[in-house]
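S.K.: Sequence:
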Amino acid sequence: MKTTIPQALAEAVRRDPAAPLLTWYDDATGDRAELSGATLDNWVSKTANLLVDGIGLGHGDAVSLLLPPHWQTAAILLGVSAAGLAVDLADLGGDAQPVEALFTSPDRVERAAAWPTTDRYVTGLLPLAMPLRELPAGYADYVTEVRNYGDHFRGEPVAPADRAFAGPIEMSHLDALAAADDRASQLGFGAGDRVLIDVTVHPDPVDWLLAPLAAGASVVLCANLDHDKLDDRATAEKVSLVLA
Numbered sequence: 001m002k003t004t005i006p007q008a009l010a011e012a013v014r015r016d017p018a019a020p021l022l023t024w025y026d027d028a029t030g031d032r033a034e035l036s037g038a039t040l041d042n043w044v045s046k047t048a049n050l051l052v053d054g055i056g057l058g059h060g061d062a063v064s065l066l067l068p069p070h071w072q073t074a075a076i077l078l079g080v081s082a083a084g085l086a087v088d089l090a091d092l093g094g095d096a097q098p099v100e101a102l103f104t105s106p107d108r109v110e111r112a113a114a115w116p117t118t119d120r121y122v123t124g125l126l127p128l129a130m131p132l133r134e135l136p137a138g139y140a141d142y143v144t145e146v147r148n149y150g151d152h153f154r155g156e157p158v159a160p161a162d163r164a165f166a167g168p169i170e171m172s173h174l175d176a177l178a179a180a181d182d183r184a185s186q187l188g189f190g191a192g193d194r195v196l197i198d199v200t201v202h203p204d205p206v207d208w209l210l211a212p213l214a215a216g217a218s219v220v221l222c223a224n225l226d227h228d229k230l231d232d233r234a235t236a237e238k239v240s241l242v243l244a
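Numbering (the UniProt record's numbering), first residue to last: 1 to 244.
Check the hints yourself; a few may be wrong.
[What the hints assert, rightly or not] Pair by pair, the computed Cβ-Cβ distance ranges are:
hint, residue 1, residue 2, range
1, A18, L128, 17 to 23 Å
2, A244, E110, 27 to 33 Å
3, T235, A114, 41 to 47 Å
4, L128, N148, 37 to 43 Å
5, A38, E110, 35 to 41 Å
6, P17, P136, 33 to 39 Å
7, A113, A28, 22 to 28 Å
8, G58, N148, 37 to 43 Å
9, A18, A191, 15 to 21 Å
10, A10, G138, 33 to 39 Å
11, E110, P168, 18 to 24 Å
Quick caveat, the hints were computed from the structure, so don't treat them as lab data. All values reported here derive from a predicted model rather than from experimental measurement. Think of the CB as a built atom: it goes at the ideal place given N, C-alpha and C, for glycine as much as any other residue.
Input sequences plus hints: build the corresponding full structure.
M.R.: The following block contains the structure:
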């Protein structure tokens with residue numbers, strides 16, 4: 001039985017490391033990225049190593065994510081969880097709070113100033129994980145920094161009772177997975193499904209990331225979805241369920 005978010009990811013990777021676990025489309029830019037379980041796990045491990053070895057965070061520390069749905073957001077959220085840190089889902093609302101680190105995108109930098117923190121990272125969410133040409137003052141580029149860290153994370157294991165989310169609602173790993181299981185049932189997908197999700201309709205990472213992981217499903221995430229492309233994309237991606 002899965003009782004932590006890292007366990008849910010590990011189970012997905014073990015099931016088939018080479019199979020697509022998360023596929024990303026942005027119809028406004030034409031961007032497409034496909035991450036196998038192994039590839040996503042590498043990004044997650046690099047992120048956890050950045051947080052623990054790079055800036056010295058420890059179990060229970062809070063990290064804010066002021067980011068839209070994106071494959072990099074998935075890697076960062078899962079990396080924070082793998083490191084035993086608590087995710088503050090700042091983009092979903094709630095009051096600004098002191099945190100140990102923060103990740104955001106250029107269009108949210110002004111808003112991110114409300115969160116007191118020492119370490120700030122920005123990502124342009126660009127195709128091919130390209131770095132930004134210009135950085136906001138006081139920020140490091142996530143995609144540049146994370147590449148300096150190893151593909152395997154060997155930190156302290158996460159316990160079911162450890163805090164998974166620091167906000168807007170505090171929740172343990174065990175409770176977060178229970179909520180993800182419930183949400184998967186509500187949305188109608190289960191093990192082996194490949195789910196196409198319009199992230200404008202479902203911006204909560206419980207919907208587009210944690211519920212599929214908990215259920216044993218893979219996802220095709222679509223931003224700025226062009227509905228004229230929906231049927232062909234669902235066929236090409238062998239989608240079993242569309243949430244748009």
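S.K.: Against each hint, give a clear statement of whether it holds in the structure.
M.R.: Hint check:
1. A18 <-> L128: 17 to 23 Å: With Cβ atoms ~20 Å apart, the hint holds.
2. A244 <-> E110: 27 to 33 Å: Given range 27 to 33 Å: holds, Cβ gap about 31 Å.
3. T235 <-> A114: 41 to 47 Å: Cβ of T235 to Cβ of A114: about 44 Å, so the range 41 to 47 Å holds.
4. L128 <-> N148: 37 to 43 Å: The hinted range 37 to 43 Å is violated for L128 and N148, with Cβ atoms some 18 Å apart.
5. A38 <-> E110: 35 to 41 Å: Roughly 37 Å apart at Cβ, these two residues keep to the hinted range, so it holds.
6. P17 <-> P136: 33 to 39 Å: holds (36 Å)
7. A113 <-> A28: 22 to 28 Å: Distance hint for A113, A28 holds at roughly 26 Å.
8. G58 <-> N148: 37 to 43 Å: At 20 Å between Cβs, range violated.
9. A18 <-> A191: 15 to 21 Å: holds (18 Å)
10. A10 <-> G138: 33 to 39 Å: The hint (33 to 39 Å, Cβ to Cβ) holds, given that A10 and G138 are roughly 35 Å apart.
11. E110 <-> P168: 18 to 24 Å: Because 20 Å falls inside the window, the suggested range holds.
Checked against the numbered hints listed earlier, the structure breaks hints 4, 8; every other hint is satisfied.
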